[in-house]
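Engineer: Just so you know, the sequences run in chain order A and B. Numbering-wise (this note's numbering), the first sequence opens with residue 18 and increments by one. Numbering-wise (this note's numbering), the second sequence opens with residue 32 and increments by one.
Hint data in this document are derived by calculation from the structure and do not stem from the laboratory. Be aware that one or more of the hints could be misleading.
[What the hints assert, rightly or not] Here are the computed lysine-lysine pairs in the DSSO-like style, where the Cα-Cα straight-line distance is at most 30 Å:
| hint | chain 1 | residue 1 | chain 2 | residue 2 |
| --- | --- | --- | --- | --- |
| 1 | A | Lys240 | A | Lys321 |
| 2 | B | Lys58 | A | Lys352 |
| 3 | A | Lys259 | B | Lys58 |
[Unchecked claim] Here are some chain A residues pointing at chain B (derived, C-beta under 8 Å):
| hint | residue |
| --- | --- |
| 4 | Leu317 |
| 5 | Asn320 |
| 6 | Leu358 |
| 7 | Arg359 |
| 8 | Val419 |
[What the hints assert, rightly or not] Each pair of labels, with its calculated beta carbon distance range:
| hint | chain 1 | residue 1 | chain 2 | residue 2 | range |
| --- | --- | --- | --- | --- | --- |
| 9 | A | Thr342 | B | Val45 | 32 to 42 Å |
| 10 | A | Val152 | B | Leu36 | 42 to 52 Å |
| 11 | A | Gly74 | B | Val70 | 38 to 48 Å |
| 12 | A | Val414 | B | Ala87 | 15 to 25 Å |
| 13 | B | Glu61 | A | Ile249 | 28 to 38 Å |
| 14 | B | Met54 | A | Leu206 | 44 to 54 Å |
| 15 | A | Leu219 | B | Val45 | 33 to 43 Å |
| 16 | A | Val337 | B | Gly57 | 39 to 49 Å |
| 17 | A | Gly397 | B | Ala87 | 25 to 35 Å |
| 18 | A | Leu349 | B | Leu36 | 23 to 33 Å |
| 19 | B | Val45 | A | Leu347 | 52 to 62 Å |
| 20 | B | Lys58 | A | Gln325 | 31 to 41 Å |
| 21 | B | Leu36 | A | Arg268 | 23 to 33 Å |
| 22 | A | Leu206 | B | Lys58 | 41 to 51 Å |
The beta carbon of each residue, even a glycine, is placed where N, CA and C say it ideally should be.
The primary structure of each chain is shown beneath.
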Amino acid sequence: MRKLISLLTFILFLIIGLTAQEHNQPSEHQEGVVHEEGHALDCSADHSGHHGPFDAGQTAFHHIADANVYSIGPLQIPLPCILFAPGHGLDVFMSSKFGMDAFGHGDGHKAVNGYILDGGSVRRIVTPGFPTGVVEHGAILHQKEMVNNKSKTITYVCHDGQLFKCDDKSKLDAGMFGGGLSSFYDFSLTKNVVSMILVGLLLFFAMRGVARSYQRRDGKAPKGFQSFMEPIYMFIQDEVSKPFLGNKWERFNPLIQALFFLILGLNLFGQIPFLGGSNVTGNLGFTLVLALFAFFVTNLNGNKHYWQHVLWMPGVPAWVKTILTPVEVLGLFIKPLTLMLRLFANITAGHMVIIIFTSLIFIFGKSGENTLGALLTAPGSLILSLFMMAIELLVAVIQAFVFAILTASYIGAAVEEEHH
Amino acid sequence: MVGTLAGLGAGLAVIGAGIGIGMVGGKAMEAIARQPEAVGDIRSNMILMAALVEGAALIAIILSFFAQPGLTA
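Bound conformation, chain A alone:
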């Protein structure tokens, strides 16, 4: 039995090593997509032959990013694209129109009304003169350029031997962190949106089922799925809502429970391996909305006592108040900001560490040149990835709990009655 297990483990390592090898064959998988730096781009050159060095950082960012296609291994599930550009109008189509390959890393072959698919995201061609409608296009090129003294990666697409410049992806978080909002708006049902809707529906039906069995079996002991959910629900109610929200806990308990179960569900859904790896809670836009809920619920429910403590702290000398008031007012915004960044950073960091551990195979294997290096790194990388995944399961629960507990404590501080 033990021999069988060790044999199976060996075969598994072998397969992982060989898959890693195969994955980096340039001609098989990233057709004509070249990352070039420094020298001028040329469409006529043959880009399929040479390949840039493996970039672990770029790979990690690509894998945690949102995408307009849901890829599960070789399966590329098209998602609806809803794109709007001022002066151009609204475009609604399925992302299968871009013509993706299996294992194509989300790169399309075809341009649709001046939009292309690059690495799973829609980009808009900004150079005028590109034909509308569905057009076959050439290689997609990336080049680092200096824009306003900042190094930026600019994407170009080839068509008829000519270079066409593409705009950045339209993403809220890209706009917040220096990417700038681009010339078009992407309202598409992306991978993250679809996963969020799926998990939301799943939670809705699960919770409705549990609620119905409480009505049907009133006064009786819980049964089945109900007895699985009850301890979790009661834990949040007894450990988070009741102690932190004071005597108004019944009013805010549904919000806290909803936040906890939504974050937990999405965290766990995003960690199922080989299921597209939708990184919803690791998306700044999503955590921003959750933090805004916390911000508005806290401040719209704040009583006189709370605002007095924020704006004019009683019981301290006047000169201290001049320092305390700005700090407290800043604190109003810093609290939801840290809520937003904490969840985003924890989940993103976890996913990135797993990708970097996997990338070690490619780094030591020198992108397919060194088979022995890849084979030797694969077992270590596998163990480290498994360890990190176990940690991430823990983090998924802890971060959902922490988000709930901190939201509850902020709301609790705002609705607390005077007691001194």
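Model the placement of chain B on the given structure of chain A, informed by the hints.
Structural biologist: Okay, now just chain B, sitting in the frame of chain A:
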């Protein structure tokens, strides 16, 4: 050179968070040793405090990542 500084920033943030979480964990262990019956309360407060410390560190790490040009685009 900028990339090096970003890495340095992330590392410095981790040192601070390491000291902070170490103190939180150590003191919680001491508290549990003194009063084993209060382990539930201490544990949930420990997690809360660790999350607060870690939040500051993660913000620093993320900011140092995004301060690095060329990675976000």
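Engineer: Look at the Cβ atoms of Lys58(B) and Gln325(A) and judge whether their distance stays inside 31 to 41 Å.
Structural biologist: The hint (31 to 41 Å, Cβ to Cβ) holds, given that Lys58(B) and Gln325(A) are roughly 33 Å apart.
Engineer: Is the hint on Leu358(A) kept, meaning its closest Cβ partner in chain B is under 8 Å away?
Structural biologist: Result: holds, 5 Å to nearest chain B Cβ.
Engineer: Confirm or reject the claim that Val414(A) and Ala87(B) have a C-beta distance inside 15 to 25 Å.
Structural biologist: Holds, since Val414(A) and Ala87(B) (Cβ atoms, about 21 Å apart) stay within the stated range.
Engineer: Are Leu36(B) and Arg268(A) spaced within 23 to 33 Å by their CB atoms?
Structural biologist: 48 Å, violated
Engineer: Measuring from the C-beta of Leu317(A) to each C-beta in chain B, is the shortest one below 8 Å?
Structural biologist: Not OK, violated: Leu317(A) not within 8 Å of chain B, min 24 Å.
Engineer: Holds or violated: is there a CB of chain B closer than 8 Å to the CB of Asn320(A)?
Structural biologist: 24 Å, violated
Engineer: Cβ-Cβ distance between Val45(B) and Leu347(A): within 52 to 62 Å?
Structural biologist: 25 Å, violated
Engineer: Within 23 to 33 Å: is that where the Cβ-Cβ distance between Leu349(A) and Leu36(B) falls?
Structural biologist: 32 Å, holds
Engineer: Given a hint of 33 to 43 Å, does the C-beta separation of Leu219(A) and Val45(B) actually sit inside it?
Structural biologist: 36 Å, holds
Engineer: Checking one constraint from the list: CA of Lys259(A) to CA of Lys58(B), max 30 Å. Satisfied?
Structural biologist: 26 Å, holds
Engineer: A range of 38 to 48 Å was offered for this pair. Does it hold for the Cβ distance of Gly74(A) and Val70(B)?
Structural biologist: 42 Å, holds
Engineer: When you take the CB atoms of Val152(A) and Leu36(B), is the distance between them in 42 to 52 Å?
Structural biologist: 44 Å, holds
In summary, the numbered hints that this structure violates are 1, 4, 5, 16, 19, 21.
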